[in-house]
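Visitor: Taken in order, these protein sequences are the chains called G and X.
As numbered in the numbering used here, residues 1 to 261 make up the first sequence, in order.
As numbered in the numbering used here, residues 1001 to 1266 make up the second sequence, in order.
In short, the hints are calculated from the structure, not lab data.
Bear in mind the structure is a predicted one, so any value in this text is a computation, not a measurement.
Idealized CB from N, CA, C, for every residue including glycine.
Honestly, I wouldn't trust all of these hints.
[Stated by the list, open to error] Calculated lysine-lysine pairs in the DSSO-like style (CA-CA distance at most 30 Å, straight line): (1) G:K191 x G:K222; (2) X:K1170 x G:K222; (3) G:K124 x X:K1262; (4) X:K1158 x X:K1263; (5) G:K84 x G:K124; (6) X:K1074 x X:K1158; (7) G:K84 x X:K1170; (8) X:K1262 x X:K1170; (9) X:K1263 x X:K1170; (10) X:K1158 x X:K1135; (11) G:K124 x X:K1263; (12) G:K191 x X:K1170; (13) X:K1074 x X:K1135; (14) G:K124 x X:K1158; (15) X:K1158 x X:K1170; (16) G:K124 x X:K1074.
[Claimed, not checked] Derived DEER-like restraints, expressed as beta-carbon distance ranges: (17) G:S159 x X:L1195: 22 to 30 Å; (18) G:R83 x X:W1024: 53 to 61 Å; (19) X:A1119 x G:D39: 37 to 45 Å; (20) X:W1109 x G:S20: 27 to 35 Å; (21) X:V1261 x G:S20: 50 to 58 Å; (22) G:L127 x X:I1028: 41 to 49 Å; (23) X:W1024 x G:A235: 28 to 36 Å; (24) X:L1257 x G:A157: 23 to 31 Å; (25) X:W1109 x G:L127: 28 to 36 Å; (26) X:L1015 x G:Q252: 46 to 54 Å; (27) G:A157 x X:A1136: 19 to 27 Å; (28) G:R83 x X:F1014: 53 to 61 Å.
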Amino acid sequence: MAGAQPGAPIPATIEVRGLSKEYRRGVPVLRNISIAFPDRGITAVIGPSGTGKSTLIRCINRLVEPTAGEILFHGADLVRLSRKALREHRRRIGMVFQEYNLVERLTVMENVLSGRLGYLPAWKAFLRRYPPQDIAMAWDLLETVGLTQYVNQRADALSGGQRQRVGIARAVMQQPDILLADEPTSSLDPKTSVEIMELLASITDTRHIPVIVNIHNVPLAKRFASHVIGMAGGAIVYEGPPDGLSDDHLNQIYGGEDWQE
Amino acid sequence: MSAHPAAHSRPPAFLPNWPARLAWLALIAYSFYAASILDVTWERFVTGIDNGIRFIGRMLPPDTSASKLQLLAKGLYESIEMAIIASALGIALSLPIGLLAARNLMPAWVTWPMRLFIALCRSFHQVIIAIIFVKAVGFGALAGILALTVASIGFIGKLFAEAIEEISLKQVEAIRATGAPFFSVIAYGVLPQVLTRFVGFATYQVDSNLRNSTMVGIVGAGGIGGTMFAAFQRFDFDFLLTILLAIIAVIMVSELLQNQVKKLYQ
């Protein structure tokens, strides 16, 4: 693990200890990973495709079941939680996806409100009987992401950038204590990618929600992240501030030098 | 020829599919053989046309006497009632059954019994199921309703389960990630993706139930079918025509209604 924490240690929001994942026996995708994610700012996880970034982030909210290890969040080990307790903890973990994963046939408003599903009995959700403060919060968030005129449009009518804004609004609707973003910009054009990263940065600044973002675009990571984790071959090869990320590190992470030209 | 020097060394662009050709030939040959065994001949067909024309002649003009129309209205109304009740029951039951039979959402120990049950519902024609229910609950509309319900579960349940198996799991995953309880995951992650298809299957089944509700009466399971069968046996061919025209009208109206319903859920 290269790089050092500058100044006082930052308290962790989620701590991963000895995390391993094998989809097939004997073929580890994550090898004994231990990280303490800082409780503020954007933490960028960089690395080539297939190196386990996605698996790491999905192990945190157990969309993927870890093979071994601990994930400490709110004083509990997420890996050992029962189904019910896991659902309660998932409410506090927002997630943003590469392909937005909106429910295409629901409206923008319904998609944003679905961030509250963990707090609402199923029958109320089914009848769309959300508490007024939830609906007010949804309007506020749609204002923040600039989509109020699309409220009653179906999600499949939106462009990629707009969809990702809805995806982010849905995640923030959960009033999460942490946001996970799995390659949120990989399906977007460069300009929209920057806008989405700016949106995530403003959310982490104004709402004090730490963000963990998987990203393979190194300049984007360096520009927006306050903390960088470099992964290669299912293990961490760099952890520290973006300034500390040297060409040597990048070679170690991505292999070779040609791609940097 | 020198312009295409490679013409002789290249393999043919389209390879003949000999097994398929042989299979088609065998099918044609067997059809002729089976027709000869079953005494299907051209002469019988031609005399049949003659009989048919005389039969249609006896149906005209349709019988529209008040007593017959009353009989028709009673039977037809019962058929429509049966079709609607059976459709409502069938749709309500196929929703959970289809969900439980979807292999991408449920574990194998749930889907297998459900798929077996759906297959059983599909195994027999409505009329055969109606015979069984007539034996079980006696003559009348109830037997017909039960038979049509079973058929509805077989059709909607199977297609609904297949529709669910084709949904995008990414949308489901996103809803799960919010900490939503199971039924909310179904209501937000699954149902919106399959609702239009479900409505399509359901309206088709209403149509199918309407047509079949005119059939099951033949074995005593209620509806216009009984009246129709009686008209046949009493050689009331002019009344028979009235019944047939009325059924056609009902089916056409149902077709129009279906299109309106589908528009509600585009």
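Visitor: Could one say that the CB atoms of S159 of chain G and L1195 of chain X fall in the range 22 to 30 Å?
Guide: Given a distance of about 24 Å, which is inside 22 to 30 Å, the answer is holds.
Visitor: Taking the beta carbons of L1257 of chain X and A157 of chain G, is their distance inside 23 to 31 Å?
Guide: With Cβ atoms ~29 Å apart, the hint holds.
Visitor: Between W1109 of chain X and L127 of chain G, does the beta-carbon spacing fit 28 to 36 Å?
Guide: For W1109 of chain X and L127 of chain G the Cβ distance comes to about 32 Å; the hint holds.
Visitor: Go ahead and decide if the range 37 to 45 Å is satisfied by the Cβ distance of A1119 of chain X to D39 of chain G.
Guide: violated (55 Å)
Visitor: For W1109 of chain X and S20 of chain G, compare the CB-CB distance with the range 27 to 35 Å and indicate the outcome.
Guide: Distance hint for W1109 of chain X, S20 of chain G holds at roughly 29 Å.
Visitor: Does the structure keep K1262 of chain X and K1170 of chain X at a Cα separation of 30 Å or less?
Guide: This hinted pair holds, its Cα atoms lying about 26 Å apart.
Visitor: Would the hint linking K84 of chain G and K124 of chain G be met if the CA-CA limit is 30 Å?
Guide: Distance ~19 Å between K84 of chain G and K124 of chain G Cα, so the pair holds.
Visitor: Is K1074 of chain X close enough to K1135 of chain X, meaning Cα to Cα at most 30 Å?
Guide: holds (24 Å)
Visitor: Is the straight-line distance between the alpha-carbon of K1158 of chain X and that of K1170 of chain X 30 Å or less?
Guide: holds (23 Å)
Visitor: Regarding the pair K1074 of chain X and K1158 of chain X, is the alpha-carbon distance no greater than 30 Å?
Guide: violated (34 Å)
Visitor: If you check the beta carbons of V1261 of chain X and S20 of chain G, does the distance land in 50 to 58 Å?
Guide: holds (53 Å)
Visitor: Holds or violated: the 28 to 36 Å window for the beta-carbon distance between W1024 of chain X and A235 of chain G?
Guide: violated (60 Å)
Hint compliance for this structure: hints 6, 16, 19, 22, 23, 27 are broken, all remaining hints hold.
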